[in-house]
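A.B. asks: Protein chains in written order, with the numbering used here: chain A, 1 to 319; chain B, 1001 to 1417.
Note that these hints are calculated values from the structure, not bench results.
Treat the hints with care, as some may be off.
Here are some chain B residues pointing at chain A (derived, C-beta under 8 angstroms) [what the hints assert, rightly or not]:
1. D1115
2. Q1186
3. N1187
4. G1397
Quick look at which bits of chain A chain B covers, simulated, 3 or more residues with Cβ under 8 angstroms [to be verified]:
5. 53-61
6. 259-266
7. 277-287
So, partial list: chain B residues that the calculated Cβ filter (under 10 angstroms) puts toward chain A [unchecked claim]:
8. M1076
9. A1079
10. D1171
11. N1385
Using N, Cα and C, we set each Cβ at its ideal position, and we do this for glycine too.
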Amino acid sequence: MSTVAETRIKLTPEHDARPGASVRSRLQDLLPKIVLAPSFAATIVFVYGFILWTIYLSFTNSKTFPSYDITGARAYQRLWRWTFESDPPSSWYTSITNMGIFGFLYIGICLALGLFLAILLDQKIRGEGVLRPIYLYPMALSFIVTGVAWKWFLDPGLGLEQTLHQWGWTSFHFDWIKNKDFVIYTVVIAGVWQASGFIMAMFLAGLRGIDGEIMKAAQIDGASTFQLYRRIVIPLLRPVFLSAFIVLAHLAIKSYDLVVALTSGGPGGSAWLPSNFMYEFTFKRNEMAVGSASAVIMLMTLTAIIVPYLYSELREKPR
Amino acid sequence: MLRKLLIGTALATSFAFSAHAADVKEVQMLHWWTSGGEAAALNVLKQDLSKEGYAWKDVPVAGGGGDAAMTALKAMVAAGNYPTASQMLGYTVLDYAAAGVMGDLTETAKKEGWDKSVPAALQKFSVYDGKWVAAPVNVHSVNWLWINKAVMDKIGGTEPKTFDDFVALLDKAKAAGVIPLALGGQNWQEATMFDSVVLSTGGPEFYKKAFNDLDEESLKSDTMKKSFDNLAKLVTYVDPNFSGRDWNLATAMVIKGDALVQVMGDWAKGEFHAANKTPGTDFLCYRFPGTDGSVIYNSDMFGMFNVPDDRKAAQVALATATLSKSFQSAFNVVKGSVPARTDVPDTDFDACGKKGIADLKKANEGGTLFGSLAQGYGAPPAVANAYKDVVSKFVHGQIKTSDEAVTELVKAIDDAK
Chain A
1 MSTVAETRIK
11 LTPEHDARPG
21 ASVRSRLQDL
31 LPKIVLAPSF
41 AATIVFVYGF
51 ILWTIYLSFT
61 NSKTFPSYDI
71 TGARAYQRLW
81 RWTFESDPPS
91 SWYTSITNMG
101 IFGFLYIGIC
111 LALGLFLAIL
121 LDQKIRGEGV
131 LRPIYLYPMA
141 LSFIVTGVAW
151 KWFLDPGLGL
161 EQTLHQWGWT
171 SFHFDWIKNK
181 DFVIYTVVIA
191 GVWQASGFIM
201 AMFLAGLRGI
211 DGEIMKAAQI
221 DGASTFQLYR
231 RIVIPLLRPV
241 FLSAFIVLAH
251 LAIKSYDLVV
261 ALTSGGPGGS
271 AWLPSNFMYE
281 FTFKRNEMAV
291 GSASAVIMLM
301 TLTAIIVPYL
311 YSELREKPR
Chain B
1001 MLRKLLIGTA
1011 LATSFAFSAH
1021 AADVKEVQML
1031 HWWTSGGEAA
1041 ALNVLKQDLS
1051 KEGYAWKDVP
1061 VAGGGGDAAM
1071 TALKAMVAAG
1081 NYPTASQMLG
1091 YTVLDYAAAG
1101 VMGDLTETAK
1111 KEGWDKSVPA
1121 ALQKFSVYDG
1131 KWVAAPVNVH
1141 SVNWLWINKA
1151 VMDKIGGTEP
1161 KTFDDFVALL
1171 DKAKAAGVIP
1181 LALGGQNWQE
1191 ATMFDSVVLS
1201 TGGPEFYKKA
1211 FNDLDEESLK
1221 SDTMKKSFDN
1231 LAKLVTYVDP
1241 NFSGRDWNLA
1251 TAMVIKGDAL
1261 VQVMGDWAKG
1271 EFHAANKTPG
1281 TDFLCYRFPG
1291 TDGSVIYNSD
1301 MFGMFNVPDD
1311 RKAAQVALAT
1321 ATLSKSFQSA
1331 FNVVKGSVPA
1341 RTDVPDTDFD
1351 ACGKKGIADL
1361 KKANEGGTLF
1371 GSLAQGYGAP
1381 PAVANAYKDV
1391 VSKFVHGQIK
1401 TSDEAVTELV
1411 KAIDDAK
């Protein structure tokens, strides 16, 4: 934007003293800024302003309504104490361990499955145009729809188990969605089902972008297909890995609705993620300070992931 | 361009003003009674008001359920845009009253004699600092058993009078191959059942001390441990697929005869009615064994906000109509609850409703009318939810023994206070 403005100034000769023209050209210079200003202001207020507000609230003793007297870090102390209450698990302990399990498996499986599907689709197979949207389509559904559909499918009294029993396989048993120790894995299943197709599309785009000459050169050198992918293709896809990782990480941390629709919190609250914790405490339990504190911790966690990524990206630019 | 904008703003402002002036004859109401029976029940109120010349305007809430409505209300109040009234539950009314945004209906209350007709236990939530801030619409009670009569006859059961009778009855059902107890494994349903278990195990005094006064000695007493043991006993009679089930699906199991009994508040009766079942012939309503004579209640209220003077007349009309005997009777017959005032004739109610009204009256006079902790009438939401956490974790096995449950209960409630 700044380069555009500079050229404009040079293009307008200084001896041109007609006031109308100079006003118009100045207006043209300002136009992009004016157009951007509302959205910029909105972002400042509604994103960064409210982040600061949330941080502020987390140090107050806000209950049902915001209160503005700073009372110290009691909310954080409570969260810190709950972090180590594992038996019986506190809601916060459940939330963060679930975040660990869900985040790790969801991102890991989506990346692996997405890459695998993309490589298979990249083998110049027939019907790719049909297959690709089929895999991609789940991404078009909202988390709520995914959650409800999988809830019915996984419910032992309604879905898979019931159907297989009717077909005669009566020893089949799959009740993870009702089991406090396994319910979080059903969230992983539904999440992976939804996002892996999208990750596949990202990888497919990456694969199509790889220079065919490199592949040919490697094949002439006698590289096997496995070596080709292991040593050349996958390292070349590194930027795609990073983008996919960031997309998945933020999807993972905000997948509140999936948990609610799929498990309504799970038996004894065993499927909670930190986002569920935040909503529950802020709006249902009238503990706004604790809710805000948990939101701040979520933000910190996300920052810890995003900042190194941005850093590495910006560092590579000058090359 | 600028001038256009200015004119536009001026026009918009004048529209806003004229809209404001027209508000006088209108009631703005925030509620989540949108499903069939409830909406029909509320229509009675709309008609009563329109007879007096007041228009009814629903404040729209995206998404069903009370949570969404409460979030919307919070935003409206924060913006200084009060509705005439809002459906509210228990401690929410007091929270808003403490924030100084509620109106004052004391004059109307005096004129209509609410002090005498509304049970004292309910006034704890509808009166704040000596001022009437809410109009109670109904009284629900949670210590009920809902039994399928056909199944009951088949297994030759009779009304259980004690907890042991109840267990014996459940055993009979189990032996006959029906699911004895229909339960939805969501924390509020489990805790609602536990409210009754505690009242049955410890008696009225104990329930009050533990779940209304939050007395620590009672919370960690052996009686509370025994209550948890009794809960564990009951949970052995549910089907393996109970976790996460909605309450109305559990009620449907009883209606269809798949299960013998459900422990649930009297809103379950609405489901039986919707399925065209009659009390006495198709289903039975008993008090939870060992709790006869006491009532654990929760109540829907219309919280009245501190609206501008030109909207106060409409508010008074709404409050008066809400607590009128005719509306109280008509509404609660449909809703399954009982009237919020004890002087409403019970002629239009069915057998369960008549029993409910008589029980409420008796409990009110005998001082055995207690707020349900699970339903948010025993303690503020933070405590109530901490309680639900503990009960649910006990039911689902994260908390393994009743000793541990009691320790956790004390700790959680202490933490949330």
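A.B. asks: Look at each hint and say if it fits the structure.
C.D. replies: We went through each hint and held it up to the structure:
With 8 angstroms as the threshold, the beta carbon of B/D1115 stays out of range of chain A, its nearest partner Cβ sitting at about 27 angstroms, so the hint is violated. The restraint placing B/Q1186 at the interface with chain A holds, with a minimum CB-CB distance near 6 angstroms, inside the 8 angstroms limit. Restraint check, B/N1187 versus chain A: the minimum CB separation of about 7 angstroms is within 8 angstroms; hint holds. For B/G1397, the suggested interface contact is upheld, since its CB lies about 6 angstroms from the closest CB of chain A, less than 8 angstroms.
Coverage of the segment 53-61 of chain A by chain B is violated. Counting CB-CB distances below 8 angstroms, 0 residues qualify, and the rule asks for three or more. With 4 residues bearing a CB less than 8 angstroms from a CB of chain B, the segment 259-266 of chain A meets the requirement of three and the coverage assertion stands. Counting residues of the segment 277-287 of chain A whose beta-carbon sits less than 8 angstroms from any beta-carbon of chain B gives 6, enough to reach three: the coverage restraint holds. Interface hint at B/M1076: violated, since its Cβ lies 13 angstroms from the closest Cβ of chain A, which is beyond the 10 angstroms cut-off.
Annotation: interface hint on B/A1079 violated; nearest CB of chain A at approximately 13 angstroms, more than 10 angstroms. A distance limit of 10 angstroms between C-beta atoms decides the matter here; for B/D1171 the minimum to chain A is near 24 angstroms, and the interface restraint is violated. Checking B/N1385 against chain A by beta carbon gives a least distance of about 5 angstroms; that is within 10 angstroms, so the hint holds.
Hint compliance for this structure: hints 1, 5, 8, 9 and 10 are broken, all remaining hints hold.
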